[in-house]
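Number of protein chains: 2
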Amino acid sequence: MAAFNFNKLVIFGVGLIGGSLARALRERAGLAGEVVGVGRSVKTIERALELGVIDSAASLDDDIALGKALAGADFVLLAAPVAQTEPLLTRIAPFLDASTVVTDAGSTKSDVVAAARAALGAKVAQFVPGHPIAGRESSGVDAALPDLYVGRNVVLCPLAENPAQAVERVEAMWLATGASVHRMSEAQHDRVFAAVSHLPHVASFALVEQILEAPDATLKFSFAAGGFRDFTRIAASSPEMWRDVCIANRAALLAELDAYTTVLARFRAAIDASDGAALEQAFARSRVARTEWQERGGAKPGETPAK
Amino acid sequence: MAAFNFNKLVIFGVGLIGGSLARALRERAGLAGEVVGVGRSVKTIERALELGVIDSAASLDDDIALGKALAGADFVLLAAPVAQTEPLLTRIAPFLDASTVVTDAGSTKSDVVAAARAALGAKVAQFVPGHPIAGRESSGVDAALPDLYVGRNVVLCPLAENPAQAVERVEAMWLATGASVHRMSEAQHDRVFAAVSHLPHVASFALVEQILEAPDATLKFSFAAGGFRDFTRIAASSPEMWRDVCIANRAALLAELDAYTTVLARFRAAIDASDGAALEQAFARSRVARTEWQERGGAKPGETPAK
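Protein sequences appear in the order of chains A and B.
Mind the numbering: the first sequence is residues 1 to 307 in UniProt numbering, read in order.
Mind the numbering: the second sequence is residues 1 to 307 in UniProt numbering, read in order.
It should be emphasised that the hints constitute simulated quantities derived from the structure, not laboratory data.
Small disclaimer: the values here were computed from a predicted structure and weren't measured.
For each residue, glycine too, the CB sits at the ideal point set by N, CA and C.
Among these hints, one or two may not hold up.
[Unchecked claim] Interface residues of chain B toward chain A, partial, derived using beta-carbon atoms under 8 Å:
hint : residue
1    : Val202
2    : Ala206
3    : Ala299
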């Protein structure tokens with residue numbers, strides 16, 4: 001049993017992430033609280049009701065309905081695109097009970113924290129920034145699963161203003177879904193994901209772009225094989241989402257990108273000088289690290305790119 | 001039936017590539033010629049004899065045995081590391097019958113052509129450079145398969161000196177294995193594979209290297225997920241082999257690497273300027289190209305990185 005009250009959860013953006021949290025708390029943790037869905041898309045909300053993922057719905061534009069939805073909520077989860085964090089929290093703020101804890105599922109955190117401070121003022125103490133590292137190829141509430149978070153990592157980036165109890169409640173909620181919970185600062189979070197997720201996406205998009213620009217692009221694509229396939233799988237990711245991530249995590253991503261081009265420049269110099277020893281040493285280091293990472297468990301087979 | 005004589009094939013380097021060619025011609029094409037294996041490793045040669053992949057063996061160091069092995073050969077295949085091309089051809093040249101066609105399986109071609117010209121002199125007319133795009137996770141003669149080349153591409157880079165008939169014979173031999181055969185210049189070959197194979201390997205090694213150099217490397221690896229997994233799968237490739245490929249294809253690889261860092265610099269500028277439109281346009285172009293490539297057949301599921 002999870003050591004927290006679960007009488008009411010309000011989800012802003014009932015898709016894969018929000019829907020899976022609701023299903024996990026109900027179907028996996030056996031918690032029987034009420035789940036309210038709020039979203040701009042009537043279709044999505046109706047489908048979530050139809051699937052039983054949420055019990056009731058409220059319109060974001062209706063003060064009375066929104067106030068009713070938020071009254072007495074234990075948890076609020078923001079699972080909408082990161083760029084909507086500030087307008088959503090601004091809208092929510094006036095209706096927020098003092099006992100409600102708000103968290104989010106955004107894939108970047110420094111920008112979310114800045115948005116939360118701007119929108120909530122002193123009430124930012126009620127906001128515990130979070131990032132569940134989970135996904136599937138498919139999205140939307142139909143793809144929501146009660147087991148989506150089992151064995152996955154959730155990162156929380158507590159604020160100095162957060163009471164310990166608020167952080168513990170969000171932690172307990174995620175633990176009840178079967179996830180592991182980790183804490184780090186929002187700056188550390190953004191550095192980690194810039195390095196292991198955002199930069200690989202940019203580098204993969206860039207490789208396809210480079211081939212496309214070549215006069216012999218068609219010939220090149222026709223001989224692309226397994227190495228190209230693996231390296232560029234993530235270049236088929238959503239352009240809109242990755243545009244937003246790149247801009248939301250700009251500072252950390254630029255730092256990682258610069259570090260990456262520094263390594264590429266060093267490799268270039270070694271290739272230019274036919275310095276086989278330097279190349280072999282570096283490649284061998286990478287091979288060992290990559291192999292050890294895989295042996296420690298790597299990423300789960302069904303796990304999609306971390307956002 | 002293949003339209004070429006197959007009385008004798010001599011393979012230098014009886015591993016996955018050479019062994020699979022022998023097995024394909026015998027077991028798939030039903031050709032009954034003699035297969036002779038030549039290699040430095042007694043163990044490999046003995047294993048190839050044991051498996052019935054070759055009928056007899058010759059030592060590279062024994063003039064009489066080598067002369068006997070090469071006498072009356074229809075085909076010679078070099079399937080040893082590319083760096084051994086020049087010494088091997090120098091050793092073979094004095095024993096080469098005028099009717100023998102020599103080809104190779106090297107993953108780079110400009111360097112192989114230069115080595116062949118240096119080693120063979122006028123006899124370079126008998127050498128038709130080739131590159132079968134096939135591989136498996138496992139290597140060595142035990143991994144050799146009669147169907148390895150079915151549906152795969154083989155690139156031939158005919159020389160101006162090659163008689164049309166010599167090229168046609170090598171083409172017919174590869175067609176008999178079930179492969180598709182394509183012709184292009186060695187410079188074009190090296191540009192294509194620098195772009196779709198060699199550069200992705202270098203870029204993947206570089207990403208792991210960059211994370212390794214960070215003070216928070218352990219934390220970063222612990223949160224690496226599906227995007228990292230796909231992007232860096234090829235960073236577990238053989239450091240020795242990729243060292244050799246980088247140096248052998250240096251000129252073409254440097255050109256592709258420079259084009260790549262130019263695209264990365266453009267992406268960097270767009271991220272720095274928060275130019276969402278430019279990022280989304282580029283990412284969308286890549287996504288379409290990558291998706292169309294996959295829909296046209298992509299790489300076969302079992303296909304390892306093109307060398």
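Please name the hints from earlier in the document that this structure breaks, with their numbers sorted from lowest to highest.
none
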